[in-house]
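There are 2 protein chains.
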Amino acid sequence: MKIGFIGLGIMGRRMAAHLLTAGHEVSVPDRPSLTSEQRTSFKVLPDATAVARETEIVILMLPDTPDVEQVLFGANGVADGLREGQLVIDMSSISPTETRKFAETINQKGCDYLDAPVSGGEVGAKQASLTIMVGGPTAAFERALPLFQAMGKNITLIGETNGAGQTCKVANQIVVGLTIEAVAEALVFASKAGADPAKVRQALMGGLATSRILELHGDRMIQRTFDPGFRIKLHQKDLNLALQSARELGVALPNTASVQQLFSACVANGHGNLDHSGLVTALEAMASHQVDQAP
Amino acid sequence: MKIGFIGLGIMGRRMAAHLLTAGHEVSVPDRPSLTSEQRTSFKVLPDATAVARETEIVILMLPDTPDVEQVLFGANGVADGLREGQLVIDMSSISPTETRKFAETINQKGCDYLDAPVSGGEVGAKQASLTIMVGGPTAAFERALPLFQAMGKNITLIGETNGAGQTCKVANQIVVGLTIEAVAEALVFASKAGADPAKVRQALMGGLATSRILELHGDRMIQRTFDPGFRIKLHQKDLNLALQSARELGVALPNTASVQQLFSACVANGHGNLDHSGLVTALEAMASHQVDQAP
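Those protein sequences? They're chains Y and R, same order as listed. Per our numbering, the very first residue in the first sequence carries number 309; after that it's consecutive. Per our numbering, the very first residue in the second sequence carries number 309; after that it's consecutive.
By construction, these hints were calculated from the structure, which means they are not laboratory data. Some hints here could point you the wrong way.
As the list makes no split between identical chains, a pair holds if one copy fits it or if it spans any two.
[Unchecked claim] Cut-off 20 angstroms, straight-line C-alpha distance, at most; resulting in silico cross-link-like pairs (DMTMM-like, lysine to aspartate or glutamate):
#1 507 <-> 527
#2 461 <-> 592
#3 417 <-> 406
#4 507 <-> 468
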């Protein structure tokens, strides 16, 4: 199939490579940053309009809401090259409410739109084991499914309304951020009370407190290994998105607000590029020692 | 072995029964609430002093810190009956700092003290699969280990200082409470944004957001099955304990404080006897519909 792929960042370059492996012709817009290997593997076209014009399905994997808006509707953007019957898939993690507006404008051109953000990070992108959360019409989902299956494993159509995928991704980032904070409060408390946080983590692993976060991020907090992983400043962005959407929807998210503030404190202290498990440093700054030290 | 067991509540009656099954002679203080079956199975003695006098190891399984203080040091209490070389094991979930004081007083009588709170609930107590978190001297831990093994599975000596077991239990209740709240915020947000919370939970189960809480309590929030389980008012008590200890230790626990307030809101609304997954109702009261309804 002829696929356009826009956004060859850390995630996107891995995902696009899987589409090549699956036998698709993948077109990308020209950029100075393209490697010579990428210039050989991909079909390089002058801009996003040309990519849309020469492909059936256009996939976006971009950093934030304004980037998606620019690539879709800006000068030399995707929208200018679309024909009726094409499909646009945005796999970026962006605003659910803006997504709905983008989809409407694309639909007016007779094209389908899917929002299909992912989780699983660089490792998931590399191993083609991403979780993919999709919003949009069932027919469009089925059309895209072989592509999703080339890039991910746990693929769910959350709802037929555009934005449902982005909503699910926001929910994911809420749970992940708040669970990291929960583990951090528990380990700082235990450590400050004189208990060995490694033994506490071990004892908690058997029971109701068990989570992937306690296992992975709890260990990082104890070992003091804060190499990303997923950077604090990106998670801060995601929780800003959650709070902005929540405000629009009229729903209170007290602990999302609190964790967003703690991430802000980390950024203020120069820790924005640490892994999000580094959130524990903000709580430690409210106590008097680290979780790996005796009290 | 001759064991004293004080506190035949929902948990204690199951735990004491496992000690009988393991072949121990189990003495209990007389109470009007003892069933005729219990009067046959256990050796009934007039009071806690008599129980301490006629046994080697005395186990306590009581609701709260003042109950333990009363049974240990009140009139006709355990302390009055202790001889040098005996062991007192408190399996209740109580204050880590008060625990240290109780242990010191017991130690002055030439007796060892272990704090050994449990998690796993009534099911864990019934199936002898409790998680047991222990603080106290290694020798005392080894002496008690066969008894712990009759009642639980994941048994950890957290530290040789008394209170370490209680500290670990508090850490457990922090993680469990805050993870429930995280899942509740995510599902309320998703539902309010128009997504199906059941599909969101399913999509999140594969990835980094996975936890025992998302699996069990997330499902209860969606199914609206709030039969305990573990009651909100008990979890509220545990987080009060966490905040009180944190204050004494000089450590800030912002989200523990927030969740404790949400549990208080539930109690104020007459929901104190719901399962702790019912915390979601406090967040729903800050939005305009339940997680199982379309927006």
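Hint-by-hint comparison with the structure:
1. 507 <-> 527: For residue 507 and residue 527, the Cα distance is within 20 angstroms only inside one copy (11 angstroms; across copies 30 angstroms).
2. 461 <-> 592: neither (37 angstroms within a copy, 33 angstroms between copies)
3. 417 <-> 406: within (18 angstroms within a copy, 70 angstroms between copies)
4. 507 <-> 468: This pair counts as between: shortest inter-copy Cα distance 12 angstroms, intra-copy 46 angstroms.
Violation of the numbered hints given earlier is confined to hint 2; every other hint is satisfied by the structure.
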